[in-house]
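Engineer: Now for the letters of each chain:
Protein chains: 2
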Amino acid sequence: MSKATIAVIAAVSAGAGAAATAAMYSMRSDKKPELATTTTTTTTTSTKGVPVPASQVFSNQTTTAPAPVPAPVPVPVPAPTPAIPTSGSLPAAPVNPAGLFEYGFPGPVADLAARQALVSSYDRRTRNPHWVAEHFTPTSLTIRDGDRKNSAFLEDPAIPEKFQAKLKDYFRSGYDRGHQVPAADCKWSQKAMDETFYLSNMCPQVGEGFNRDYWAHFEDFCRRLTTRYPSVRVVTGPLYLPKRDPADNKWYVKYEVIGNPPNVAVPTHFYKVIYAEEQSAPGGKVALGAFVLPNAVIPNEKPLGDFEVPLEAVERASGLEFANKLPAARRKRLCAETSCSIVVKEYAERQKAFAKK
Amino acid sequence: MSKATIAVIAAVSAGAGAAATAAMYSMRSDKKPELATTTTTTTTTSTKGVPVPASQVFSNQTTTAPAPVPAPVPVPVPAPTPAIPTSGSLPAAPVNPAGLFEYGFPGPVADLAARQALVSSYDRRTRNPHWVAEHFTPTSLTIRDGDRKNSAFLEDPAIPEKFQAKLKDYFRSGYDRGHQVPAADCKWSQKAMDETFYLSNMCPQVGEGFNRDYWAHFEDFCRRLTTRYPSVRVVTGPLYLPKRDPADNKWYVKYEVIGNPPNVAVPTHFYKVIYAEEQSAPGGKVALGAFVLPNAVIPNEKPLGDFEVPLEAVERASGLEFANKLPAARRKRLCAETSCSIVVKEYAERQKAFAKK
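Listed in order, the protein sequences are those of chains X and H.
With the first letter of the first sequence counted as 1, position 183 gets the number 183 in UniProt numbering; the numbers rise by one all the way through.
With the first letter of the second sequence counted as 1, position 185 gets the number 185 in UniProt numbering; the numbers rise by one all the way through.
Among the hints, erroneous ones may be present.
If several chains are the same, the list does not tell them apart, and a pair holds so long as it fits within one copy or across any two.
Claimed, not checked - Computed cross-link-like contacts, DSBU-like style, restricted to lysine-lysine with a CA-CA straight-line distance of at most 35 Å: (1) K149 / K243; (2) K285 / K254; (3) K191 / K166; (4) K254 / K243.
Derived from the structure by calculation, the hints contain no laboratory data.
Modelling step: build the complete structure from the supplied sequences, incorporating the hints.
Structural biologist: In structure tokens, the structure reads:
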């Protein structure tokens, strides 16, 4: 049985293993990344090691005009761990476990991709993203240079072949290729919209009643936040949550895996962490909202507020952390600041209302 | 329902979030790690940036005496990704998704820990390791300075509180706290043995018929390889494999989560990747074996060879890679070189046989 299971998973060709290793060592910063502080002499360090003056990072701090674009913030390259001495630096050990790395580093590698439209982190085990991060403003949403009719779903060539989600995995699976960063948030350029069509930005989602309905209304809610906030960030991703089985009273995670051989996990739930920024430059107050929705049909009558959860719930469930560097004094609760509710409209009507803004 | 699930997961205190972020930035190498090549002028770079001459790394290359200790190989700090320009370096984007990192980097962080006895990587979502790597030699196994009676199971303080596996999660769960690096491989010092007792080196394992029986015999098989090989490395970890449901012919991953609230995943399977090194210094031939065993009662009569799988099967199932830097010319197949079979003995008898070696 276990052998059959493995054999199925093992099928198909070897793929770009060596390339993945090469990639693993290809993007190391020469400096420890530091995010900007309020001191103007502070520099930030990009992943290429090019310092960005703090003055540039904060140049829009007092601007109140709609939708100025914040200066670029570098992508921090996370170090994997707390500093613990390697066995090599300890005396008298008759073994050297780290010698393994002569054969390569096992990973996990999270395939961080920083595109124009989104930044994403990929889970090579489930073939879904860990998270995708997007940003939009009142202005970015009014620019219409991209049309989804011109975009095509794409396997992500930045992921090693053997860990890629494939178009054929989704084919006839019964699930939508569900955008995590919605295409509709990236109409400001065709290239940006195209970037949202990589399968590394997708998860298998229930179509009718969820991806095409309640989840779409939820995405619309996020966009409507720009009527109040000059800058909105959203981090979206899958969850695999346990459920108590009444038969034995134990908790089980159970999820389908689509593809033949099985390849892409079907998440049980999805989260969004919303950062509604009161000003468009860094440093202002942020209204935070965290939501977890089941990957299932949700009636439109269900209040969005029912899906609000403490941020830490998403953190514990995902193994991620979302606002460690955001001081309590800068935080507000989104659903206390604004009404957290979806607006259900026919598609044409939604488009019309949207154009008026 | 989903809210109840989340609420359960969200329970308990906030923990060391800020500390985790601090840790994330605390161990960055100043230099790109390079593993040694065969050129004697090549240097390797440790995580502390201290170059190790290649001559030192290869100093034992022609030694044939039992159990010389290979020179320390540095722990490479993996960069997360292929280099892709950040949005900041592209023209005209009206948004900046990487601006998110002002609030912290979401992760995932794999909590790489390099101890004397083992190197481990931790999965904050399942609260199990991704992998643990160990090394032993004929000599290391004969030194007896540690006794498991003096060791105690410990929550790993190197993992942020909110992502830790806890002793109470295992309590009355019905599962053993199953060592991934076996305590019996680390008798060479009490400290080394103690290090194997961190819960970051444990997974919930079926006790009778598996952890205390077949799995223990399998661990014994690994140790017995030292009668033939001067140096043996083993990487061990959990898997969560799908199974086809005959009811609907679909594939599902299903696993229990122990703890109240549910916290630690119970793997469906475990893998070991074995590197039996023909010489104790780097550069020699390596007999590779990959095995996947179900987390279930296995009759002692079942041949170990039944659990041998292609290395790539473990890679696809785990999302990890194990031998990218090991050229094909240096690889052999373990089970073609030696008999892959367990020896079932009563505990006392096993101890006696072991002492004779």
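Engineer: Up to 35 Å between alpha-carbons, please classify K149 paired with K243: within, between, both or neither.
Structural biologist: Cα proximity of K149 and K243: none, with 39 Å in one copy and 38 Å across.
Engineer: One pair to classify: K285 and K254, alpha carbons no more than 35 Å apart. Within, between, both, or neither?
Structural biologist: neither (39 Å within a copy, 42 Å between copies)
Engineer: Treating 35 Å as the Cα threshold, decide for K191 and K166: within, between, both or neither.
Structural biologist: Answer is within; shortest intra-copy Cα gap is 21 Å, inter-copy 47 Å.
Engineer: Could you figure out if K254 and K243 sit no more than 35 Å apart (CA to CA) within one copy, between two copies, both or neither?
Structural biologist: both (8 Å within a copy, 11 Å between copies)
In this structure, the hints that do not hold are numbers 1 and 2, in rising order.
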